[in-house]
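These protein sequences, in sequence, are chains A and B.
Sequential numbering from 1 applies to the first sequence in UniProt numbering.
Sequential numbering from 1 applies to the second sequence in UniProt numbering.
None of these hints come from the bench; they were simulated from the model.
Where a beta carbon is used, it is the ideal one built from N, C-alpha and C, also for glycine.
Any given hint could turn out to be false.
Claimed, not checked - Stretch-level coverage of chain A by chain B, calculated; a stretch enters the list once three of its residues show a Cβ under 8 Å from a Cβ in chain B:
#: 1; segment: 261-268
#: 2; segment: 277-289
Unchecked claim - Counterexamples of contact, computed for chain A against chain B with all Cβ distances above 10 Å:
#: 3; residue: Q28
#: 4; residue: P49
#: 5; residue: E125
#: 6; residue: E191
#: 7; residue: I249
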Amino acid sequence: MCGIVGLHLRDPQLYPQLGRLLETMLCQVVERGPDSAGVAVYGDRRRVPEGHAAVSVLSREREALRAIPGAVVTEAGDTVVVAAPAEPAELVAAVRAADPAATVIGAGHDLAVYKGIGHPRVLAETYDLVHAQGWQGLAHTRMATESAVTPQGCHPFSVGPDQCLVHNGSFANHATIRRELAAAGHVFDSENDSEVAARFVADRLAQGEDLDKALRLLCERFDGFYTLLVTSGDGFAVVRDAIACKPAIIAETDAYVAMASEFRALAGLPGIAEARLYEPDPERVYHWTREGVTP
Amino acid sequence: MNEPVVVDLATSSVRALNAELHAPGAKSYEVRSPQGAHAIAAGVDSEITVDVRGHVGYYAAGMNDGGRITVHGNAGTGVAENMMSGTVRVTGDASQSAGATAHGGLLVIEGSASMRCGISMKGVDIVVGGDIGPMSAFMAQAGRLVVCGNAGDDLGDSIYEARIYVRGTVGSLGADCVEKQMRPEHLTELRDLLAEAGLDHDPAQFRRYGSARRLYHFTSGNTY
Chain A
1 MCGIVGLHLR DPQLYPQLGR LLETMLCQVV ERGPDSAGVA VYGDRRRVPE GHAAVSVLSR
61 EREALRAIPG AVVTEAGDTV VVAAPAEPAE LVAAVRAADP AATVIGAGHD LAVYKGIGHP
121 RVLAETYDLV HAQGWQGLAH TRMATESAVT PQGCHPFSVG PDQCLVHNGS FANHATIRRE
181 LAAAGHVFDS ENDSEVAARF VADRLAQGED LDKALRLLCE RFDGFYTLLV TSGDGFAVVR
241 DAIACKPAII AETDAYVAMA SEFRALAGLP GIAEARLYEP DPERVYHWTR EGVTP
Chain B
1 MNEPVVVDLA TSSVRALNAE LHAPGAKSYE VRSPQGAHAI AAGVDSEITV DVRGHVGYYA
61 AGMNDGGRIT VHGNAGTGVA ENMMSGTVRV TGDASQSAGA TAHGGLLVIE GSASMRCGIS
121 MKGVDIVVGG DIGPMSAFMA QAGRLVVCGN AGDDLGDSIY EARIYVRGTV GSLGADCVEK
181 QMRPEHLTEL RDLLAEAGLD HDPAQFRRYG SARRLYHFTS GNTY
């Protein structure tokens, strides 16, 4: 069992409240995953100033990271967010050069990813989630089944530019797909089965597929139980396996699309009484794109 | 009629609510601010009336034995699971496994129900005003399932003896579930069930499904 919450804002007036809303949602799925929690926020200018790219890392060499030219470095527990006026790939290279032992847990144009182990409510405070701003975010509370409880094993898995994947469930054939991806040159950061799904999606997106197609291919290739929430630099998508025993509920209003493992995580959202509430059908990809933004 | 006792879950716990409902000091209760909490009004075992104003989480009205429980909103996974007797009504939609393993009583879902509605039902009557999701009535053993809308794929897979009535389309039938003739006694029981649920559809618009009874015994012919 794990808990998933995600919020894709349509109304810019809600951007300053993203973190507060996400924290309220996260705290309602604590019992579903008390081991650890991870959060991703898109567009938080406190950590990723305008015109900057950002790389989120698990690193002990914080002085070395601060020495990166132009770097704006903020810390949140185990996580360090390094922003700089550069392209994400360049900044990832600079971060790896500064700390070869660091684990990169997210990179993109306006994405910050936080990971840590412990009580999700405490971690939300560590991440200062309540004050985060932005246009999209997601969070995951983990009850580990497939790999160790470490910051590296936390969701979201962000292995492509501005991409994130969170998973409730377990994959049966992840080791096979891991070997195939490794043979094709992908390098893994953890033993986690969900990381395999994230690398598979990133691989398909890198080959030019869109999020919708990549997730339909995932349904064909992966065997097991899953409710997935996958985000990109302009998109927000939900998919469940054919049996769909891992819960999911979606709420849509003119102001947002929200997804959570359970309704109680949505109960505190503004205008929820008038929202369109529904459960995603099995093996159907639900996909929303940020309006007015070209990828 | 006496005014119901109001319990507001914004200020009271589900545990305190359920403790009161298990040893009721009143005949009628109104529950406010449910906020999707789990196990609301689970384990009621007397003929009390409970009205829940809002959406509930998992296992609402589970194990009900005699209560008349209405959720004025949507219900999460396993509403009225293992009900023994009484009535549970959901005015909105219900999530997965509504009425799972329930032995008796009547579950009415005015909206639609998600996957696995009536899974392993053991005697309950379930009436759904809208649609039901895939894999409903899986291994159903006894009782009646009435669907006024459409049914998803694999309806009645591995069904034993429950009777299923569907007014709309069926995505597909599961293993050993077949369409059966609608005889006069079926039209009569369907009319009664619809009336009990407060719906006025014409029973003649429904089709009946049930077990072909080919999976009762292990034989080499049971491959499919």
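Query raised in the report: Which of the numbered hints are not met once you compare them with the structure shown?
Result: Violated: hints 3 and 7.
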